[in-house]
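2 protein chains.
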Amino acid sequence: MIDNIRSDVNKYLERIPIPDSPKYLYDPIRYSLRSGGKRFRPVLTHLSGRANNIDSDVLMTLSLAVELLHNFTLVHDDIMDNDTIRHGKKTIHEEWDSSTAILAGDGIYTIAQIILSKISNNTSIVSKYFNQTTLEICEGQALDKEFENDKTITEKMYFDMIDKKTGSLLGASSALPIVYNNGDNELINIYEQFGRHLGRGFQIHDDLLEITADSKVMGKSLGSDIFQGKQTIMVILARENYPDEWAELLNNSDSNELFGAISSFFEEKNIIQETRSISESYFSSSLNYLRQLNKINTDELVQLVHLIKERTY
Amino acid sequence: MIDNIRSDVNKYLERIPIPDSPKYLYDPIRYSLRSGGKRFRPVLTHLSGRANNIDSDVLMTLSLAVELLHNFTLVHDDIMDNDTIRHGKKTIHEEWDSSTAILAGDGIYTIAQIILSKISNNTSIVSKYFNQTTLEICEGQALDKEFENDKTITEKMYFDMIDKKTGSLLGASSALPIVYNNGDNELINIYEQFGRHLGRGFQIHDDLLEITADSKVMGKSLGSDIFQGKQTIMVILARENYPDEWAELLNNSDSNELFGAISSFFEEKNIIQETRSISESYFSSSLNYLRQLNKINTDELVQLVHLIKERTY
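Same order as they appear, the protein sequences are chains A and B. So the first sequence is residues 1 to 313, counted in the working numbering. So the second sequence is residues 1 to 313, counted in the working numbering.
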């Protein structure tokens, strides 16, 4: 089922009419929309909508809007973070330049809004919810940039940052069909919290993969977040629990062996294991939210949680 | 009346609740919204709405959305064009850096959408129209970048570029109240064409001011468009009518005296006068669209055209 949704989403993404010119705008947009991705967010929207018997055309519209919003943030974040590879392909600002990538991101977000405006039911509420999510993602990216190289960042501040940067969109992907359906606030909140907790698990798992995964399979270089001074739960655990050893390691390793040294340090100090168990606790709490949904078949959503939890890239 | 609207718009812009943190996101947004500007677009929306007896709260909502959309495009365009001064103040990427400016622009556009979603009447049609305008502006900016330093650009291509980059938003500022009001397509089209022709006049006049205005009054350095290889009607007239002399002038003037040399060339060859008369012809044709509106009092809109036509900065 999840594979079917994913290939449907990819089919509809390819069908979005992207004009040929101006090439400066539309070539990189086309490139970005065909650059792959795991499509977890539109799958989540579909599954939460299916559990509530929502029209499949509406679900595809919401899903495309969510996926394009996600893509827009990736294109702009990659410029800000100087990331050169994404899904095994050059990022837009690397393949073209920053100006092209700024404009492509703007265009992708605008196309997301045009697609969303096809929804004729409850439009102002759906649009408000969608855009408040975007603003929260911008806040998360702002915190991510503010926190770079700041040694005073705590676990609590890190969670606030990933809740905004990652959790808000997973929360919205899950709750949007219920918002569309005029669900009551309590129900919207359960779906949103389910997605937000899934988002915490997802992001911490993602931070882990930066250290433990195979770089070829991940389609990007590993450890780059840490080299850029980004906060991850592992960095915070290392800094808080082993301040002197951690500082010494960062100061004394030469750059070629830094990744290996960090990775061994996390392993020896049991930080990998501890991080994995934090991530798993959020996957579990996301499932607890689903259990609050009586009379709704959440089997497919449960499967998605397991799929995300077990991903290796 | 126009002054009153302008100060009302400024008052409401200041009242948009911008949180204190994250400072990385909201400090530059606050800075941008308080950086001044002539507010022609929201004034246009107000006047076209007043001529059609549209509720003043709705007009303010549409006006703020339009002004924020305009601001968002300025913030991102200034990065792409390396412009360092706007309205006499440093641009965001100059005061902070490019990453900050990218995110601030994203935030401003998102806030525009959140404000727009307050409209509960006809929301999906208003939102679609608003976002199609944004996409057209992106296309215009793409052409502007594509055309840089391209000596084959014709007058027709230039008009296509400014129609998208400038005309589309003036057209939308004028037509949005009619779209909101469920006006028929013919009426929407008259208001849109009025704004688009006004936009042509406005942009050509703006290109002229780049050469003829006082840089202190303009709040930015003059001639920078030409130095960046941007297309203006004057550059195209010079290149098409005096190809050898124009090429020689660009090749032989040293950079300190280039602005003076270009300016004298435009004066001697009567290009300033010719450009002024092209600009005036578009102001006239914008007024012709207003004359098609029987039974509607367009006096205030006519005054706005004159105000724009006579501006010296």
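Worth flagging that the hints you see were computed from the coordinates, not collected in a lab. Any given hint could be a false lead.
Given that identical chains are not distinguished, each listed pair holds provided it fits within a single copy or across any two copies.
Derived DSSO-like pairs: lysine-lysine, alpha-carbon spacing no greater than 30 Å straight-line [stated by the list, open to error]:
(1) Lys269 - Lys151
(2) Lys90 - Lys156
(3) Lys11 - Lys309
(4) Lys230 - Lys309
(5) Lys269 - Lys118
(6) Lys295 - Lys89
(7) Lys23 - Lys156
(8) Lys295 - Lys145
(9) Lys151 - Lys128
(10) Lys145 - Lys269
To see whether the hints hold, each was checked on the structure:
no.	hint	in the structure
1	Lys269 - Lys151	within (19 Å within a copy, 63 Å between copies)
2	Lys90 - Lys156	neither (34 Å within a copy, 35 Å between copies)
3	Lys11 - Lys309	within (26 Å within a copy, 50 Å between copies)
4	Lys230 - Lys309	within (23 Å within a copy, 51 Å between copies)
5	Lys269 - Lys118	neither (52 Å within a copy, 52 Å between copies)
6	Lys295 - Lys89	neither (44 Å within a copy, 59 Å between copies)
7	Lys23 - Lys156	between (44 Å within a copy, 18 Å between copies)
8	Lys295 - Lys145	neither (43 Å within a copy, 56 Å between copies)
9	Lys151 - Lys128	neither (36 Å within a copy, 45 Å between copies)
10	Lys145 - Lys269	within (28 Å within a copy, 52 Å between copies)
The structure fails hints 2, 5, 6, 8, 9 (numbered hints given earlier, in ascending order).
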